[in-house]
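Trainee: As given, the protein sequences belong to chains D and W, one line each in that order. Letter by letter, the first sequence follows residues 1 to 311 in the working numbering. Letter by letter, the second sequence follows residues 312 to 796 in the working numbering.
Keep in mind that the hints were calculated from the coordinates and are not lab data. Nothing here was measured: the structure is a model prediction, and the numbers come from that model. Among these hints, one or two may not hold up.
Stated by the list, open to error - Pairs of lysine-lysine, DSS-like flavour, derived with a Cα cap of 27 Å: (1) Lys335(W) x Lys461(W); (2) Lys739(W) x Lys291(D); (3) Lys335(W) x Lys460(W); (4) Lys9(D) x Lys553(W); (5) Lys330(W) x Lys9(D); (6) Lys134(D) x Lys119(D).
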Amino acid sequence: MSENKRVDKPTGTETVGHEWDGIEELDTPMPRWWLWTLYATIIWGIGYVILYPAIPMINSASEGLLGWSSRGEYAQAVSARERELDPIRQALVSTDIRKLHGSPELMQQAVEGGRSAFKVHCVQCHGSGAAGSKGYPNLNDDDWLWGGDLEAIEYTLIHGIRNPDHDQTRFSQMPAFGRDGILQSGEIQDLVSHVRVLAGREKQSAAATRGAVLFEANCAICHGSDGTGDRTQGAPNLTDAISLYGLDRASLTDTISNSRYGVMPRWGQRLDPATIRMLAAYVHSLGGGEKLPALEEIADQRDESDGDGQS
Amino acid sequence: MGSPEEILDPELKLYESRKSVFPKAVNGPFRRLKWVIMAITLAIYYVTPWIRWDRGPYAPDQAVLVDLANRRFYMFGIEIWPHEFYYVAGMLVMAGIGLFLVTSAVGRAWCGYSCPQTVWTDLFQHVERAIDGDRNAQFKLQDAPWGPKKIGKRLAKWSVWLFIAFWTGGAWIMYFADAPTLVVDFWTGEAAFVAYATVGVLTLTTFIFGGFMREQVCIYMCPWPRIQTAMMDEKSLTVTYKDWRGEPRGSVKKAEAQPGSFGDCIDCNQCVAVCPTGIDIREGPQIGCITCALCIDACDSVMEKINRPRGLIDYATLEDADLEKAGKAHNPVLKTLFRPRTILYFSIWGAIGLAMLFAVGNRTRIDISANHDRNPVYVQLADGHVRNSYTINLRNMENRPRDMIIGMTELKGAVMWSNAGSRDGAGKTLVTSVPADSVSRLRLYIAAPGDGPVREDFALTVTAADDAEANDMDEIFFERPETGE
Numbered sequence: 001m002s003e004n005k006r007v008d009k010p011t012g013t014e015t016v017g018h019e020w021d022g023i024e025e026l027d028t029p030m031p032r033w034w035l036w037t038l039y040a041t042i043i044w045g046i047g048y049v050i051l052y053p054a055i056p057m058i059n060s061a062s063e064g065l066l067g068w069s070s071r072g073e074y075a076q077a078v079s080a081r082e083r084e085l086d087p088i089r090q091a092l093v094s095t096d097i098r099k100l101h102g103s104p105e106l107m108q109q110a111v112e113g114g115r116s117a118f119k120v121h122c123v124q125c126h127g128s129g130a131a132g133s134k135g136y137p138n139l140n141d142d143d144w145l146w147g148g149d150l151e152a153i154e155y156t157l158i159h160g161i162r163n164p165d166h167d168q169t170r171f172s173q174m175p176a177f178g179r180d181g182i183l184q185s186g187e188i189q190d191l192v193s194h195v196r197v198l199a200g201r202e203k204q205s206a207a208a209t210r211g212a213v214l215f216e217a218n219c220a221i222c223h224g225s226d227g228t229g230d231r232t233q234g235a236p237n238l239t240d241a242i243s244l245y246g247l248d249r250a251s252l253t254d255t256i257s258n259s260r261y262g263v264m265p266r267w268g269q270r271l272d273p274a275t276i277r278m279l280a281a282y283v284h285s286l287g288g289g290e291k292l293p294a295l296e297e298i299a300d301q302r303d304e305s306d307g308d309g310q311s
Numbered sequence: 312m313g314s315p316e317e318i319l320d321p322e323l324k325l326y327e328s329r330k331s332v333f334p335k336a337v338n339g340p341f342r343r344l345k346w347v348i349m350a351i352t353l354a355i356y357y358v359t360p361w362i363r364w365d366r367g368p369y370a371p372d373q374a375v376l377v378d379l380a381n382r383r384f385y386m387f388g389i390e391i392w393p394h395e396f397y398y399v400a401g402m403l404v405m406a407g408i409g410l411f412l413v414t415s416a417v418g419r420a421w422c423g424y425s426c427p428q429t430v431w432t433d434l435f436q437h438v439e440r441a442i443d444g445d446r447n448a449q450f451k452l453q454d455a456p457w458g459p460k461k462i463g464k465r466l467a468k469w470s471v472w473l474f475i476a477f478w479t480g481g482a483w484i485m486y487f488a489d490a491p492t493l494v495v496d497f498w499t500g501e502a503a504f505v506a507y508a509t510v511g512v513l514t515l516t517t518f519i520f521g522g523f524m525r526e527q528v529c530i531y532m533c534p535w536p537r538i539q540t541a542m543m544d545e546k547s548l549t550v551t552y553k554d555w556r557g558e559p560r561g562s563v564k565k566a567e568a569q570p571g572s573f574g575d576c577i578d579c580n581q582c583v584a585v586c587p588t589g590i591d592i593r594e595g596p597q598i599g600c601i602t603c604a605l606c607i608d609a610c611d612s613v614m615e616k617i618n619r620p621r622g623l624i625d626y627a628t629l630e631d632a633d634l635e636k637a638g639k640a641h642n643p644v645l646k647t648l649f650r651p652r653t654i655l656y657f658s659i660w661g662a663i664g665l666a667m668l669f670a671v672g673n674r675t676r677i678d679i680s681a682n683h684d685r686n687p688v689y690v691q692l693a694d695g696h697v698r699n700s701y702t703i704n705l706r707n708m709e710n711r712p713r714d715m716i717i718g719m720t721e722l723k724g725a726v727m728w729s730n731a732g733s734r735d736g737a738g739k740t741l742v743t744s745v746p747a748d749s750v751s752r753l754r755l756y757i758a759a760p761g762d763g764p765v766r767e768d769f770a771l772t773v774t775a776a777d778d779a780e781a782n783d784m785d786e787i788f789f790e791r792p793e794t795g796e
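Isolated chain D (complex conformation) (with noise of 0.2 Å):
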C-alpha cells in the first residue's frame, strides 16, 4: 500500500492515513525516551514476574524468587499485632477485674478486644449488635438474670449456662408445668393471665386472681411471691418490661407448658482468660452493665482508712 503513503507537504512528515474533513493526523514520531520508558516497564514486569508469585499453575501460582506470600505477610502481621497486645492481655488477667474501671486506659483497651473477640464467637446466637432474640438474652439492656457486673459476666462467660457435665455453670430449671402434668391447662392460662398482671400487660381480673394463688404454690419459690425473680437462681425478674421469651399470651403458655432452657457455651475451656475478660468488659460497656457492689466496698473501705468514714 506504498501508494496510500501521504507526506503532509508543511512539516515533510508522513500521516497516519486518517482524514476527517480534511483534517489529517500527522504520523509524529515519539521521542525516544519514550521508548526507554516502555523497555523499562517492560524489565519490571520481568523482574516482578521472576521474584513475586505470578505465572498462574493449575493449583496456586508459581513462587517467586523472594518467596513472599500474601498468607505469609498475613501471618507476620497477625503475630506482629499479638506481640503488641502481650502487654496488654497480661496486665488484663493480672488485674483485679472489680478493680478494672479503676484504670480508664486498660478498661477501654479491653473493650476494644472484647468488640472484636465478641464478633467471632458471639455473634452467631447474640447477633453482630448484641441485640439477642427471642431466646437468646439482649446484652445491651439492664435485664439481667445472673447479674450485670463485670465479675458476675465474667463468671457467666466463663461457666457458661446449663452446662450438664460441670458442676459450676449457672444453672437453673424450670419445671415444665404442662407437659409433665403438674397444672392442668386451665389452670396455666390464669397463671398466664396473673403474670401478664405482674408484669402490667392485663387488667386484674377474676383469672388472674386464680393465678395468683397457683403462683404462690407453683412460682413464688423461685420468682418470689411479688414476681421480681431471684439472680442467685437465674429466676427472672416477671414485673419488668423485658422478656427473653416473650410476654403475650401463646409465648407464655408455651414457656409455663414445656420450659425452656437456653443453653451458653462454657468459654472457660475455649478462650484465654484475657480474651474473656474482654470480652466481659466489652459486654458490661453496652450500655445495661452493672455496677460492682464490691467497687463501694472497696471505695467504703478506703474512706474508714482515711479517718473519716461512717455509713
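Go by the hints and put chain W onto chain D.
Mentor: Below, chain W without anything else, positioned relative to chain D:
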C-alpha cells in the same frame, strides 16, 4: 503494509531522539522580568517552611505546615481540619480559575514565567552556561570526545545540578514536619523513611526533568499546554512573529543591495538560538512556545543594532495582529484585558475567594456530629423506658482544652448519659471535657419513656462551657419499638 524496503528505510524512524537545545544567553526587559519572578518563586519555595508562627503550647509553631500525621493543615493564622478540606478544594478551584483568567488575559504567562518546570530548567541552564560556556561552546563540548576536560566539566555541572535538585527535594519535606527538627533528624538518620524516599524521588526528578528532559516535559508530558491552546482566543496575548513585516527574509547586505524587496527579518536566527524549547517562532503559534518572550528580547536587540524598529517579534493578540496587518491601530490594552470572558473568570474567582474568606471568618471552632447507632436501633429497658444510643464526635478546634455541654431539644422526659457514666447520674445535659485541638468520640445513651411516637426528631446541641457563642448542633432522631403485641 509497505514492502520490506520501505519498512527498513533508514530515513523512516518510529522514534525520535531528542534534539539538543542549548539556548543562548540573552538580555532584555523580559529576561529581567524572568529573573525577578525566578528569584521570588524560588525564595517563596525555599524560605516558607522556615517562617515561625506562635500557636501556643498545643499546636506546632510553623507558619505553613501540612501535618499529615495529625491531619491538620496550618497556614499562618488559619488551621484546617480534615472535615474542612473544602477550603483546600476551594483554593484548588481558585488556582484553576486563576489559570483560566491568566490564560485568557495574557496567554501562557504561567508556562513562560512561573511554572516550576520553567523556573528550575532556567536555573539549570544558567548553571550550564556558567560551567560549559554559552550556546556554541556547549555544542562544541557535546560533540567533543570524552577526555579529562569534558569529564571534569560534566561532573562539575551534574554535581551542581544534583546539589540544587537535592536542595529542592529537601525543601519539599520541610512543609510536612517541623523544619528545624526535621533537618537535624534527616542528617542524624532519625527521620522517617518516607522523608528520605521523598527527597530521593524529588532529587532524581528535578535532576532529570530540569537537566535532561527540559522542553520534553512541556511538549510531551504536560497536559496544560493542550488545555491552554484550547482556551486561548483571538484576544489572548501571545508571542507573535509579524511575518507581514519580516518576510521575505534577507541579510542586511542583500537588503542594502536591493532596497524594498526584503522584509525586516534578517534571518539571523537569534530568536531560535535563545529559545528554551528550541522552536522557531517564525513558523507561527505552536504548542512548543511557552511565551517566555526571550525571542522578543533577542530580536529587539538585533533590530536596535541594525537600526530597524523594535517589535518584529512582539506580544500581540491575534486580533491586534490582523489589525496591524491591515494597517490599523491596536485595540486599547484595557479593552483586551477587560472583556466579558476575563470579567466572568475574575468574578467567579473573586466570589469563591470572598465566600471562603467569609466562611473562614465565621466558622465555629467547636463541632458535634452524631450518628444514631443502628445495631440495635433501640433497647427496651426494664422500667419501660426505651434507650437509643448515639456515637458522637466532639471537635475542639481551639488550642486549649475546653469543657463542652451536650444538650438536646424536644425530647420529652429523656435523660442522657455517656459510656463514661451510668443511668444513675443521667440528666438533661452532659458536661464533658475535650482536650485541646482534638476530637473526642463517645457513646451517648438517651433513655425516654416508652410511650411516644415510633420516630421522634430532635437535635443534639453542644455549647462551650466558657462561651455560649461557640455552639453547634446536629439533627438526629429517637426510635421506639412499635407498641402492641
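Trainee: Hint by hint, say whether it matches the structure.
Mentor: Hints versus structure:
no.: 1; hint: Lys335(W) x Lys461(W); verdict: holds (20 Å)
no.: 2; hint: Lys739(W) x Lys291(D); verdict: holds (22 Å)
no.: 3; hint: Lys335(W) x Lys460(W); verdict: holds (22 Å)
no.: 4; hint: Lys9(D) x Lys553(W); verdict: holds (23 Å)
no.: 5; hint: Lys330(W) x Lys9(D); verdict: holds (22 Å)
no.: 6; hint: Lys134(D) x Lys119(D); verdict: holds (20 Å)
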